Amino acid sequence: MKIELIFFGQLTDIVGASSLMVDSPGTIEELKKIVIEKYPALATMQYTIAVNNKITFDNVVITENDTIAWMPPFSGG
Amino acid sequence: MIEQSERYQRQTMLDGFGIEAQAKLAQARVLVIGAGGLGCPILQYLAAAGIGHIGMADDDKVSYSNLHRQILYGQEDIGQYKVLVAASKLHALNNEIRISVYQQRWSQSLAIEFFPEYDVIVDATDNFASRYLINDACVLINKPLVFGAVSKYEGQVAIFNVKQNDVAINYRDLFPNTPKNEEVLSCSEAGVLGVLPGIIGVMQATEVIKLITGIGKPLINQMLHYNALTHSMYVMDLIKNTTRPLNFPLDFETFLNTDYTSLCETAIHEIAIDDWIPIKDNLILVDVRELDELPRIHALAHLSIPLGTLHLHLDSLQNKDIVFVCQTGIRSKKAAALLKITYQKVYSLSGGVKELVQKNIL
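Which chain is which? The protein sequence lines are A and B, in order.
When we follow my numbering, the leftmost residue of the first sequence carries the number 146, and every step to the right adds one.
When we follow my numbering, the leftmost residue of the second sequence carries the number 140, and every step to the right adds one.
Honestly, the hints are just simulated from the structure, not real lab data.
A quick note: this is a predicted structure, and the numbers were derived from the prediction, not measured.
Check before you lean on any hint, since a few could be wrong.
[Said to hold, decoys possible] Below, in silico cross-link-like pairs of lysine-lysine (DSS-like), each with a Cα-Cα straight-line distance of 27 Å or less: (1) Lys199/A - Lys147/A; (2) Lys177/A - Lys319/B; (3) Lys349/B - Lys183/A; (4) Lys319/B - Lys282/B; (5) Lys228/B - Lys319/B; (6) Lys199/A - Lys319/B; (7) Lys356/B - Lys199/A; (8) Lys356/B - Lys177/A; (9) Lys379/B - Lys177/A; (10) Lys302/B - Lys199/A; (11) Lys199/A - Lys459/B.
[Claimed, not checked] Listed next, the stretches of chain A that the computed footprint assigns to chain B, with coverage defined by at least 3 CB atoms under 8 Å from CB atoms of chain B: (12) 168-176; (13) 187-198; (14) 209-222.
Note that the Cβ used here is the ideal one computed from N, Cα and C, for glycine as well.
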């Protein structure tokens, strides 16, 4: 079951890509765990997660073709 | 009279705009905080569009490194206060509008005194301390906030604190805690493509005009992300954050006493080995190296938690005084910064295991 991860800002530098196709691990929390295991520097960053263009703070179940975006804060002006 | 004005004819002739929308702009009072990369195009377009009263705030002077993106300023303005140069440029552009100048860094007391005089606040600043201060003030004083921020080739635009379907989102719903300055690179550290704040600033000005005139669908409870390299836009719907505690000040007194600048500074206490030895029994030693990195620590009681898994152990480290160690003192600093967001008395051991070996402590 493939899902797409999209990264913005500095998170792109950490992951080395602006998007990744991965197999869904089931829920958002499990996804965070495997992504951070692979890219440990993410653990030190702030970000908010959006599932299919909507912010979520709950541990929702990810389903096929979902798009999970990782948005960090920007400070520049 | 606005009806007689030739100046705005190209927009008053628009279907859905007309002299009614122009009259709303003429009545509107907009405060733009920051007269830099974002502020320049915002100010220019708002003045050109005929916003009746524009306030602008900035304590900075024009420098050469500003000129590639801060298009209100020229070489002859180097060393001049930005707001003074900007005010004269805007006056030359449109002398039918009123311009107020605040030649100071924005503060809590300025927010409390002057936010009530404006209908819309625009965040065009370049640092988190100001952004959180402005956000919190807009929540407390109940003012719409048009937010914009940039990073290298990317930007964000959003409208906060405007009720839609009975919900008003603010910046802390997205990012509850003030990020530390070193967690997120600023323009001076990471760079920024000159046109980028131009694009984002113009988007902010567009949202201000939409908000005031009621045309179109403003980015209320949404954040737009723009990438100049791919011209891609990503819009996400924002929701109220009820699962995490929001730590914004609930009253004016707490707001006035909040030190936003130090909230965004990481006070990572790097501790030298000689200073650590006398107090080492009071601190939990946490090795954040990978489990196969040598030499291992044998002579000292410690926990082994690789940096990448530290986030999984936050609860067990709560309220404990900790000194992090790694091979050379770099990862331990990151670990300390990560914990410093929520916990107290966290140190990073300078020099790391390498220096412990040299000093024969391992």
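Here is what the structure says about each hint:
1. A C-alpha spacing of about 19 Å is found between Lys199/A and Lys147/A, which places the hinted pair at or below 27 Å, so the restraint holds.
2. Taking the CA atoms of Lys177/A and Lys319/B, the gap is about 22 Å. The hint holds against a cut of 27 Å.
3. Proposed proximity of Lys349/B and Lys183/A is contradicted: the alpha carbons are some 43 Å apart, above 27 Å.
4. For the hint pairing Lys319/B with Lys282/B, the CA-to-CA distance comes to about 26 Å; that is within 27 Å, so the pair holds.
5. With a CA separation close to 35 Å, the supplied pair Lys228/B and Lys319/B exceeds the 27 Å bound.
6. Annotation: proposed proximity of Lys199/A to Lys319/B holds, straight-line Cα distance about 26 Å (limit 27 Å).
7. In summary, the hint linking Lys356/B to Lys199/A is supported, as the alpha carbons are separated by about 17 Å, within the 27 Å threshold.
8. The straight-line distance between the Cα atoms of Lys356/B and Lys177/A is roughly 33 Å, outside the 27 Å bound, and the hint therefore fails.
9. Annotation: proposed proximity of Lys379/B to Lys177/A holds, straight-line Cα distance about 21 Å (limit 27 Å).
10. Taking the CA atoms of Lys302/B and Lys199/A, the gap is about 18 Å. The hint holds against a cut of 27 Å.
11. Among the hinted pairs, Lys199/A with Lys459/B is inconsistent with the structure: their alpha-carbon atoms are about 36 Å apart, more than 27 Å.
12. As drawn, the stretch 168-176 of chain A meets chain B at 0 residues by the rule of a beta-carbon pair under 8 Å; below three, the given contact is violated.
13. Coverage of the stretch 187-198 of chain A by chain B holds [criterion: at least 3 residues with CB-CB distance below 8 Å; count 7].
14. Counting residues of the stretch 209-222 of chain A whose CB falls under 8 Å from any CB of chain B gives 8; the rule of at least 3 is met.
Hints 3, 5, 8, 11, 12 from the earlier list are contradicted by this structure; the remaining hints agree with it.
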